[in-house]
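Colleague: If you're matching them up, the sequences are chains S and X in order.
Mapped onto this note's numbering, the consecutive letters of the first sequence carry residue numbers 1269 to 1516.
Mapped onto this note's numbering, the consecutive letters of the second sequence carry residue numbers 328 to 778.
You may find that some hints are simply not true.
[Claimed, not checked] Computed spacing ranges between beta-carbons, pair by pair:
#1 X:Asp-700 to S:Asp-1402: 41 to 51 Å
#2 S:Arg-1474 to X:Glu-744: 40 to 50 Å
#3 X:Gly-493 to S:Lys-1384: 43 to 53 Å
#4 S:Ala-1403 to X:Lys-497: 29 to 39 Å
#5 X:Arg-766 to S:Asp-1489: 49 to 59 Å
#6 X:Asp-667 to S:Asp-1445: 50 to 60 Å
#7 X:Glu-744 to S:Asn-1390: 25 to 35 Å
#8 S:Glu-1387 to X:Thr-708: 32 to 42 Å
[Claimed, not checked] Subject to a maximum C-alpha distance of 30 Å in a straight line, what follows is the list of computed DSBU-like cross-link-like pairs (lysine-lysine):
#9 S:Lys-1480 to S:Lys-1286
#10 X:Lys-414 to S:Lys-1384
#11 X:Lys-497 to X:Lys-437
#12 X:Lys-711 to S:Lys-1282
#13 X:Lys-374 to X:Lys-661
#14 S:Lys-1480 to S:Lys-1463
[Said to hold, decoys possible] Covered stretches of chain X, going by a simulated chain S footprint (3 or more residues, C-beta under 8 Å):
#15 708–716
#16 720–727
#17 734–746
Derived from the structure by calculation, the hints contain no laboratory data.
In this text, a Cβ means the ideal position worked out from N, Cα and C, and glycines have one as well.
Residues per chain are reported as follows:
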Amino acid sequence: MLEIRNLHAVVEGKEILKGVNLTIGDGEVHVLMGPNGSGKSTLSHVLVGNPRYEVTEGSITFNGKDILALSPEDRSHEGIFMSFQAPIEIPGVSMTNFMRAAINAKRKYLGLEPLKGSEFLNLLREKRQIVGLDAHFMSRGVNEGFSGGERKRNEIFQMAMLEPTFSILDETDSGLDVDALRIVAEGFNRLRNEKTSAMVITHYQRMLDYLKPDFVHVLMDGQIVREGDAQLGYDIENRGFDWIRETV
Amino acid sequence: MKNSLTQYTELFAQYRQVLEQNAAPVLNNLRDAALNVLNSAGLPTAKSERYRYCDVQKLLEPDYGLNIRRVTSGRNLYRDFRCAIPKLEADLFHTENDVPVLPPDYDVRKALASDVCVVTLRQASDLLPEIVQQHLHSLASQHNDGLMALNTLLSQDGWLVYAKGGSAQKHTVQVVNTATGRTPMMMNRRLLVIAEPGASLDLILCDRTDGDAGFLSTQVTEVVIGEGADVKVSVLDETNQHTTRFSNLLVRQDVNSRFTLNELTLGSGQSRSTTDVLLAGGGAYVELNGTVIADGSQLADHNIEVVHAVGGCQSDMLYKYVLGDSSVGAFAGKVLVRQDAQQTISQQTNANLCTSDTARAFSQPMLEIYADDVKCNHGSTVGKLDEAALLYMRQRGIEENEARLLLQHAFVNEVLERIDLQPLRDRLSHLVEQKFRGRLGKRCKGCDFCG
Ligand SMILES: Nc1ncnc2c1ncn2[C@@H]1O[C@H](COP(=O)(O)OP(=O)(O)O)[C@@H](O)[C@H]1O
Ligand SMILES: [Mg+2]
Chain S
1269 MLEIRNLHAV VEGKEILKGV NLTIGDGEVH VLMGPNGSGK STLSHVLVGN
1319 PRYEVTEGSI TFNGKDILAL SPEDRSHEGI FMSFQAPIEI PGVSMTNFMR
1369 AAINAKRKYL GLEPLKGSEF LNLLREKRQI VGLDAHFMSR GVNEGFSGGE
1419 RKRNEIFQMA MLEPTFSILD ETDSGLDVDA LRIVAEGFNR LRNEKTSAMV
1469 ITHYQRMLDY LKPDFVHVLM DGQIVREGDA QLGYDIENRG FDWIRETV
Chain X
328 MKNSLTQYTE LFAQYRQVLE QNAAPVLNNL RDAALNVLNS AGLPTAKSER
378 YRYCDVQKLL EPDYGLNIRR VTSGRNLYRD FRCAIPKLEA DLFHTENDVP
428 VLPPDYDVRK ALASDVCVVT LRQASDLLPE IVQQHLHSLA SQHNDGLMAL
478 NTLLSQDGWL VYAKGGSAQK HTVQVVNTAT GRTPMMMNRR LLVIAEPGAS
528 LDLILCDRTD GDAGFLSTQV TEVVIGEGAD VKVSVLDETN QHTTRFSNLL
578 VRQDVNSRFT LNELTLGSGQ SRSTTDVLLA GGGAYVELNG TVIADGSQLA
628 DHNIEVVHAV GGCQSDMLYK YVLGDSSVGA FAGKVLVRQD AQQTISQQTN
678 ANLCTSDTAR AFSQPMLEIY ADDVKCNHGS TVGKLDEAAL LYMRQRGIEE
728 NEARLLLQHA FVNEVLERID LQPLRDRLSH LVEQKFRGRL GKRCKGCDFC
778 G
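If we strip away everything but chain S, and leave its shape as in the complex, we get:
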């Protein structure tokens, strides 16, 4: 599904990614771990095409397509979704209008007619329930006045609406209490199937328990320095990153 080869990326003149290699197959969930500042969010932003991040070397192919040539919106239409580490507030653009614009843009890309008003509202209701997001959030501005936990649930709600094939969850679990984490993780699990894959950035064992990832990768100083199965994640949870650093 996704193949990242020797990826180098620069932000504000500073090289952050220094040759990342990563392959993610259909139906797989990969966990990406690494100390703060190692470049995990940078990798996520490069994957979705944030124009502030410049790719200086390497390639990313997604289902055989060179996605570096695509705009962020086309990458989204191709099935890539990111749950942002810090979802931004967009006052004045209501959640409903925002989602309608997003859904219909995707349908247009796929050559489909815009959704009818009632169909759209039904979809909105159905998907809200996956993460238990109350109806009144839909008439607010995007993330406007949402608590930290509500924002994260809103990310998974949007994921449910857009039905991506590849999702990036950038610390979607951070700052959530036990219940909110369960809602988010279970919501995510309900959206999984043998065709969808994910790259999940997390620091928490609890998330590993819920997700049961197929692979764990450790990113340090812009490179993947270790790979393993879920056990690697538990080891890091117990021992931190220093022991890996010493063995690199």
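Guided by the hints, dock chain X with the ligands onto chain S, whose structure is given.
Modeller: Frame of chain S; chain X with the ligands shown alone:
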């Protein structure tokens, strides 16, 4: 060589007789005083405190024609006009260039008897002489302003909108000013609004152009609001980019009155709006709202002065500009609180969004306070579109241009939401979107009314 001013004063000297014969008598009484102001103060220059961002002399330089003999095209604006605001119930009046044109079969007697009476100033000179003499120019005469004097020198007619007291029902009046000439033309428009104590009035003023000739308009609107009266004025400017528009709005509010202004500037090449509000009676409330969406090389210059002359009044200003291409937005808002105006509450906000690197915003909120027990706030911001918000929207699949449009619309929505007349708010919101999409002023299918 004729300078900007003498080209008009000489024309006036030469044609004064014809001009006055074709004018409302009440206006003729004011011309000598106007000439005095022009001769002494002259036209504003770049040094004039309130005209720092607008080169009046240069804008008045071109040779515009005047329609002194009041010729009209004879076309039936009431029949041809297709841009009525959907679902709005309003009494509609048309001005062709600067000639007020009454609806066909307009019953003046009936108008005089109704709660809100709309007549031309010419008719008012005959039919309501005391009222019009008492109020016309009563506010403008307090200002030594060359532009307003030029309007007074040359204007020949206009409208009187007279809302009588005690009318329980709210009335909506819409005046549509259309410039129809095929050659560059100067138009001098005049409007007098009187709201008697307790009266209630919604007034919508639309400025449009038919065709792409260059126009110069000066307009002086005086609004006299009696005790407890409630007046809302909405101004929509969707004239073409060759238009130079000078607008002066003067308001005087008595005890416990309310005045709300909503200005939406979508058009005009060069537009200057001056608003002066005098809070003369305790408990008066004024709300001034403005939205500017400018592109190309548009200039949108708002200059506002609110005077709290007595205590216990409230003023609230919210102006938002979206400036694209190499447009220039200027906002200068001054709140003057006189010594006796205790317990004044005043809020002033100006926010600007520059969507290109060449657009410029000048923002100058000012407070001048001589009373000690007041609550006054002001704030101003100049910013760009939020790149993080753009990325967020694009990540969800919303195309970049569409995302920009949504963000810009959201930015000005805060102002548009203050319009409580729903059909008007919907219409303005629609026009804002058309403007953002570059579709404003494009001829609608099946209509040949505008450019
Ligand atoms: N938009 C940005 N502007 C400037 N520096 C950035 C930006 N994004 C990331 N960086 C820098 O890149 C490095 C990696 O950051 P990040 O990818 O956020 O790490 P992580 O998500 O692993 O904690 C840090 O040194 C950070 O300061
Ligand atoms: Mg991060």
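Colleague: Against each hint, give a clear statement of whether it holds in the structure.
Modeller: Hint-by-hint comparison with the structure:
1. X:Asp-700 to S:Asp-1402: 41 to 51 Å: holds (44 Å)
2. S:Arg-1474 to X:Glu-744: 40 to 50 Å: holds (43 Å)
3. X:Gly-493 to S:Lys-1384: 43 to 53 Å: holds (50 Å)
4. S:Ala-1403 to X:Lys-497: 29 to 39 Å: holds (34 Å)
5. X:Arg-766 to S:Asp-1489: 49 to 59 Å: holds (51 Å)
6. X:Asp-667 to S:Asp-1445: 50 to 60 Å: At 57 Å between Cβs, range holds.
7. X:Glu-744 to S:Asn-1390: 25 to 35 Å: holds (28 Å)
8. S:Glu-1387 to X:Thr-708: 32 to 42 Å: holds (40 Å)
9. S:Lys-1480 to S:Lys-1286: holds (28 Å)
10. X:Lys-414 to S:Lys-1384: Roughly 25 Å separates the two Cα atoms, so the pair holds.
11. X:Lys-497 to X:Lys-437: Measuring from Cα to Cα gives roughly 18 Å; hence the hint holds.
12. X:Lys-711 to S:Lys-1282: With a Cα-Cα distance of about 24 Å, the restraint between X:Lys-711 and S:Lys-1282 holds, given a limit of 30 Å.
13. X:Lys-374 to X:Lys-661: holds (18 Å)
14. S:Lys-1480 to S:Lys-1463: holds (17 Å)
15. 708–716: holds (count 4)
16. 720–727: Check passed, 8 qualifying residues.
17. 734–746: holds (count 6)
Of the numbered hints stated above, none is contradicted by the structure.
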